[in-house]
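Colleague: Spelled out, the chains give:
Protein chains: 2
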Amino acid sequence: MGKAEKAYRELTALVRESGVLQSVAELLEWDQEVCMPPGGNAHRAEQMALLAGMVHEKITSPRIGELLAVCEQAEYRAGSAEAVNIREIGRRYRKKTCLPAKLVREIARVTANAHPVWVEAREKNDFALFRPHLERIVALRREQAEAVGYEHSPYDALLDDYEPGERTARLTGLFGALAPKLTDLLRRITDAPLRPDGSVVRRRFPAAAQRALGIEAARAIGFDFNSGRVDPVVHPFCLTVGPGDVRITTRYNENFFNEAFFGFMHETGHGLYEQGLPAADFGLPTGESVSLGIHESQSRMWENCVGRSRPFWEFFFPRLAETFPRATSGVSIEHWLRAINQVQPSFIRVEADEVTYNLHIILRFELERALIEGTLAVADLPAAWNEQFERMLGLAVPDDAQGVLQDVHWSAGLFGYFPTYCLGNLYAAQFFAAAQEQIPLLEHGFADGNFLPLLAWLREQIHRRAMSLPPRELVREVTGHELSPSYLLDYLESKFSTLYGV
Amino acid sequence: MGKAEKAYRELTALVRESGVLQSVAELLEWDQEVCMPPGGNAHRAEQMALLAGMVHEKITSPRIGELLAVCEQAEYRAGSAEAVNIREIGRRYRKKTCLPAKLVREIARVTANAHPVWVEAREKNDFALFRPHLERIVALRREQAEAVGYEHSPYDALLDDYEPGERTARLTGLFGALAPKLTDLLRRITDAPLRPDGSVVRRRFPAAAQRALGIEAARAIGFDFNSGRVDPVVHPFCLTVGPGDVRITTRYNENFFNEAFFGFMHETGHGLYEQGLPAADFGLPTGESVSLGIHESQSRMWENCVGRSRPFWEFFFPRLAETFPRATSGVSIEHWLRAINQVQPSFIRVEADEVTYNLHIILRFELERALIEGTLAVADLPAAWNEQFERMLGLAVPDDAQGVLQDVHWSAGLFGYFPTYCLGNLYAAQFFAAAQEQIPLLEHGFADGNFLPLLAWLREQIHRRAMSLPPRELVREVTGHELSPSYLLDYLESKFSTLYGV
Numbered sequence: 046m047g048k049a050e051k052a053y054r055e056l057t058a059l060v061r062e063s064g065v066l067q068s069v070a071e072l073l074e075w076d077q078e079v080c081m082p083p084g085g086n087a088h089r090a091e092q093m094a095l096l097a098g099m100v101h102e103k104i105t106s107p108r109i110g111e112l113l114a115v116c117e118q119a120e121y122r123a124g125s126a127e128a129v130n131i132r133e134i135g136r137r138y139r140k141k142t143c144l145p146a147k148l149v150r151e152i153a154r155v156t157a158n159a160h161p162v163w164v165e166a167r168e169k170n171d172f173a174l175f176r177p178h179l180e181r182i183v184a185l186r187r188e189q190a191e192a193v194g195y196e197h198s199p200y201d202a203l204l205d206d207y208e209p210g211e212r213t214a215r216l217t218g219l220f221g222a223l224a225p226k227l228t229d230l231l232r233r234i235t236d237a238p239l240r241p242d243g244s245v246v247r248r249r250f251p252a253a254a255q256r257a258l259g260i261e262a263a264r265a266i267g268f269d270f271n272s273g274r275v276d277p278v279v280h281p282f283c284l285t286v287g288p289g290d291v292r293i294t295t296r297y298n299e300n301f302f303n304e305a306f307f308g309f310m311h312e313t314g315h316g317l318y319e320q321g322l323p324a325a326d327f328g329l330p331t332g333e334s335v336s337l338g339i340h341e342s343q344s345r346m347w348e349n350c351v352g353r354s355r356p357f358w359e360f361f362f363p364r365l366a367e368t369f370p371r372a373t374s375g376v377s378i379e380h381w382l383r384a385i386n387q388v389q390p391s392f393i394r395v396e397a398d399e400v401t402y403n404l405h406i407i408l409r410f411e412l413e414r415a416l417i418e419g420t421l422a423v424a425d426l427p428a429a430w431n432e433q434f435e436r437m438l439g440l441a442v443p444d445d446a447q448g449v450l451q452d453v454h455w456s457a458g459l460f461g462y463f464p465t466y467c468l469g470n471l472y473a474a475q476f477f478a479a480a481q482e483q484i485p486l487l488e489h490g491f492a493d494g495n496f497l498p499l500l501a502w503l504r505e506q507i508h509r510r511a512m513s514l515p516p517r518e519l520v521r522e523v524t525g526h527e528l529s530p531s532y533l534l535d536y537l538e539s540k541f542s543t544l545y546g547v
Numbered sequence: 046m047g048k049a050e051k052a053y054r055e056l057t058a059l060v061r062e063s064g065v066l067q068s069v070a071e072l073l074e075w076d077q078e079v080c081m082p083p084g085g086n087a088h089r090a091e092q093m094a095l096l097a098g099m100v101h102e103k104i105t106s107p108r109i110g111e112l113l114a115v116c117e118q119a120e121y122r123a124g125s126a127e128a129v130n131i132r133e134i135g136r137r138y139r140k141k142t143c144l145p146a147k148l149v150r151e152i153a154r155v156t157a158n159a160h161p162v163w164v165e166a167r168e169k170n171d172f173a174l175f176r177p178h179l180e181r182i183v184a185l186r187r188e189q190a191e192a193v194g195y196e197h198s199p200y201d202a203l204l205d206d207y208e209p210g211e212r213t214a215r216l217t218g219l220f221g222a223l224a225p226k227l228t229d230l231l232r233r234i235t236d237a238p239l240r241p242d243g244s245v246v247r248r249r250f251p252a253a254a255q256r257a258l259g260i261e262a263a264r265a266i267g268f269d270f271n272s273g274r275v276d277p278v279v280h281p282f283c284l285t286v287g288p289g290d291v292r293i294t295t296r297y298n299e300n301f302f303n304e305a306f307f308g309f310m311h312e313t314g315h316g317l318y319e320q321g322l323p324a325a326d327f328g329l330p331t332g333e334s335v336s337l338g339i340h341e342s343q344s345r346m347w348e349n350c351v352g353r354s355r356p357f358w359e360f361f362f363p364r365l366a367e368t369f370p371r372a373t374s375g376v377s378i379e380h381w382l383r384a385i386n387q388v389q390p391s392f393i394r395v396e397a398d399e400v401t402y403n404l405h406i407i408l409r410f411e412l413e414r415a416l417i418e419g420t421l422a423v424a425d426l427p428a429a430w431n432e433q434f435e436r437m438l439g440l441a442v443p444d445d446a447q448g449v450l451q452d453v454h455w456s457a458g459l460f461g462y463f464p465t466y467c468l469g470n471l472y473a474a475q476f477f478a479a480a481q482e483q484i485p486l487l488e489h490g491f492a493d494g495n496f497l498p499l500l501a502w503l504r505e506q507i508h509r510r511a512m513s514l515p516p517r518e519l520v521r522e523v524t525g526h527e528l529s530p531s532y533l534l535d536y537l538e539s540k541f542s543t544l545y546g547v
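Residue numbers (the working numbering), protein chains in the order written: chain H, 46 to 547; chain W, 46 to 547.
Where hints are given, some of them may not hold.
Since the list gives no way to pick out one identical chain from another, each pair is judged satisfied if it fits inside one copy or across any two copies.
[To be verified] In silico BS3-like pairs for lysine-lysine, Cα to Cα no more than 27 Å straight-line:
1. Lys540 <-> Lys226
2. Lys226 <-> Lys169
3. Lys51 <-> Lys147
4. Lys169 <-> Lys540
5. Lys141 <-> Lys103
6. Lys540 <-> Lys103
7. Lys141 <-> Lys169
8. Lys169 <-> Lys51
9. Lys103 <-> Lys48
No lab work stands behind these hints: they were computed from the structure.
I would like the entire structure built from these sequences, with the hints used as guidance.
Modeller: Dropping the structure here:
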């Protein structure tokens with residue numbers, strides 16, 4: 046065995062070990078949200094801090110740097126597992142180790158303190174309370190960007206943590222092309238003669254039946270419950286404890302059908318991606334999802350392109366009607382499709398429909414980019430939010446609780462995360478268009494309850510590839526085209542022209 | 046700060062850290078039994094092996110040896126936290142580090158391989174299949190005893206892992222005095238004119254209602270569900286994830302009341318002990334239970350001395366009758382008490398009543414002691430089992446599946462563990478007698494649903510003391526007397542003379 050091969054084996058063994066340890070931390074988190082009694086809080090924090098420290102120590106150990114130096118001398122075929130793992134492990138190692146330990150600790154401390162203040166500020170609708178904390182967080186993230194380095198914008202350095210290789214300038218172009226067209230579509234929809242009756246999804250849907258129906262839908266689209274489970278929580282998520290153990294969660298609202306059902310479809314989409322990653326490479330880049338944006342593309346595709354489509358409900362409406370005979374009494378498929386797809390500008394991102402959701406994201410991207418680039422002061426943030434919100438969504442924000450204070454992200458120090466939600470929608474639409482082109486009679490199959498061709502295609506085109514290609518290259522490889530907003534716009538135009546007659 | 050104080054602080058910080066890491070391993074285990082989907086098995090094994098290795102590395106690190114050497118030079122008041130922690134940490138460190146790594150690995154390997162063979166052997170009722178594995182396990186445990194060292198019997202070295210300070214010779218005396226009296230009592234009971242009707246506990250008890258009733262009983266005797274939870278499993282246990290997070294489990298048999306209900310009381314007894322340990326000392330001997338035997342005394346006291354007593358059912362029978370009106374129709378308290386306390390020799394330990402249970406244990410103790418001392422060959426074990434079983438319990442063992450192959454313990458390499466079950470019953474009876482003496486109107490309180498005086502007494506006398514005293518010293522301190530079989534015998538005589546008229 047050559048020197049490089051030996052180094053590669055040791056390197057991947059070390060990285061895998063830190064991945065297994067991190068997977069233990071994931072279980073602690075899942076358990077905290079789903080099972081842990083309240084009294085366990087303090088000890089759980091101690092367990093998590095200990096594991097986080099151990100994982101950090103492992104992934105920043107000088108030994109990894111030494112092994113990387115040896116591996117990076119060797120020649121590996123582009124796209125080979127070795128090349129992918131060495132590239133990604135090296136990228137992360139350098140990003141982790143270039144940060145001063147003091148800065149890392151300070152960010153952890155400041156965001157931990159900021160969280161309860163943000164909760165209080167939102168409750169009291171008092172931005173001034175949160176402002177000094179946010180100022181400190183922005184300053185620290187700017188400091189981090191300087192430590193990591195960047196070519197054009199300091200925001201690039203942060204964005205890259207969630208969407209490897211993505212750049213601020215490219216996003217600005219992409220979102221800049223998307224936003225006015227969405228605003229225009231939204232105006233046409235709100236002016237449309239057809240007004241959907243959304244009240245049917247607000248009838249009574251008992252939670253136990255919602256759960257059964259959600260599980261049935263998740264199973265129908267291919268989620269393997271032998272290697273996963275589903276539980277109720279307050280803030281739904283999907284989390285992987287390890288290969289063969291993917292856990293989705295959901296929240297039941299007995300007076301609003303969409304919340305749990307499309308939450309189910311969304312988290313199942315994440316779960317299908319996780320269940321499709323190469324199990325043998327767990328803990329290594331060749332066993333890992335590409336980026337948050339690509340992950341979101343999987344959840345949004347199953348939630349929206351499939352779950353809110355007419356073919357899906359041609360298959361599933363009879364099951365819905367059997368499960369909720371009273372709530373669906375007198376409701377046709379057309380009626381139902383309009384209700385689950387209702388477009389309605391509103392203040393809260395997490396309640397937004399497919400058209401307005403992206404506008405909520407683009408707004409946040411523009412503001413957080415300006416904060417990090419230093420062209421917007423935290424003090425001026427609420428006014429900027431309200432002004433831009435009204436311009437994009439046509440509504441005057443009544444207060445900061447329904448405006449700038451609504452999301453947890455900034456209090457947690459997450460800058461560069463929001464754009465991955467919109468990227469997810471763009472990727473999803475472009476992937477789905479490619480699937481429609483490449484898979485014969487794709488949506489005819491949906492109407493018969495046959496989702497396997499789409500899942501098999503996603504497995505082959507995206508899941509099994511893990512991190513072998515950066516997001517934009519993956520999009521090009523899978524769809525044959527550069528990432529473009531036209532797929533999402535075409536998808537939305539086509540869908541809402543039918544539903545709203547615009 | 047002096048040198049010894051500094052060393053003590055570092056020592057306890059290291060040991061606490063390994064305790065926190067071990068508590069993460071406990072959660073992995075709980076999750077595996079309660080939540081994990083089947084597909085997660087392989088990865089869970091990897092997570093557990095990684096943590097076990099890390100814990101082992103921490104607790105056997107040479108640094109602990111160096112710090113112990115410094116601490117052991119210092120003078121600490123006997124019984125002080127420092128003295129207790131240094132004594133116990135030192136004892137364990139030496140026991141762990143005197144074992145050759147090769148032996149530890151070999152025991153792990155051999156027992157892992159033996160388990161599925163034992164399962165198969167039990168299923169096929171074929172001891173010969175299991176015999177070579179058991180021979181190897183016995184040989185390894187004998188080797189371990191030689192490595193650890195002992196004064197009189199190699200069995201001492203193993204026993205000490207579960208019941209610190211206990212000795213084979215003392216157990217032989219104790220159990221030797223107990224066994225013939227139990228056999229005599231059993232004979233009188235089986236010959237008694239009063240024959241209880243046990244069929245009432247074999248009526249239909251729906252699981253959901255059993256769960257609700259079990260939780261009510263657990264809460265009534267003081268289990269804090271804010272710091273704990275209860276879940277269904279195949280093999281019930283109680284496990285602590287950390288202070289404030291104690292998890293009990295149970296199994297529901299809809300055609301046999303005793304299984305879940307007394308299982309609940311038993312595991313709640315363990316859980317109350319865990320909830321009563323000093324939370325601030327979690328991970329240190331001053332925050333830990335004394336021994337398996339003392340732990341078992343808590344579970345058996347709540348299960349039997351309380352849960353199968355007349356005063357308890359004076360309080361709880363109306364709740365039972367409300368919950369299961371059909372199953373309890375026409376049943377009086379007397380009828381019920383006789384049914385839940387029915388004595389009946391049988392082959393299976395885990396189904397045994399209060400009288401025969403200890404005979405099952407003493408049998409195993411004598412046999413495993415002989416195996417480890419080399420006076421009994423594994424080849425002769427089944428015959429020895431059957432001969433002794435008939436002598437003690439008056440029944441001819443029909444096959445090895447219902448005899449020597451019934452328990453998992455030996456296949457897992459557990460030698461020296463069984464006697465702690467009988468010790469638990471002895472301790473429980475002696476503690477309970479002291480509680481009756483020291484707490485005015487103790488059982489009158491039970492009849493009113495007031496269990497707090499007993500719990501408060503146990504907290505003060507046993508729980509808060511953690512490992513400050515070895516088991517036998519704790520018994521002397523709490524009860525004023527040396528451990529004696531007379532308390533258990535008096536308790537059983539008194540109880541069954543009433544129930545059976547013997």
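Colleague: Please go over all the hints and tell whether each is borne out by the structure.
Modeller: Comparing the hints with the structure gives:
Taking CA atoms no more than 27 Å apart as the test, Lys540 paired with Lys226 passes inside one copy only; the shortest distance there is 15 Å, against 85 Å between copies. In this homomeric assembly, Lys226 and Lys169 never come within 27 Å of each other (Cα to Cα): the closest approach is 36 Å inside a single copy and 72 Å across copies. In this homomeric assembly, Lys51 and Lys147 come within 27 Å of each other (Cα to Cα) only across copies, at 26 Å, whereas the closest approach inside a single copy is 34 Å. For the identical chains of this complex, Lys169 and Lys540 are neighbours neither inside a copy (40 Å) nor across copies (63 Å), given an alpha-carbon limit of 27 Å.
Taking the closest pair of Cα atoms, Lys141 and Lys103 come within 27 Å of each other both inside a single copy (11 Å) and across two copies (26 Å). Taking the shortest alpha-carbon separations for Lys540 and Lys103, neither the intra-copy value of 49 Å nor the inter-copy value of 60 Å comes in at or below 27 Å. In this assembly of identical chains, Lys141 and Lys169 lie within 27 Å of each other by CA distance neither inside one copy nor across copies; the values are 37 Å within and 56 Å between. For a Cα distance limit of 27 Å, the shortest separation of Lys169 from Lys51 qualifies neither inside one copy, at 59 Å, nor across copies, at 47 Å.
Within a single copy, Lys103 and Lys48 get their C-alpha atoms as close as 22 Å, which meets the 27 Å cut-off; across copies the closest is 31 Å, which misses it.
Hint check: violations occur at hints 2, 4, 6, 7 and 8; the rest are consistent with the structure.
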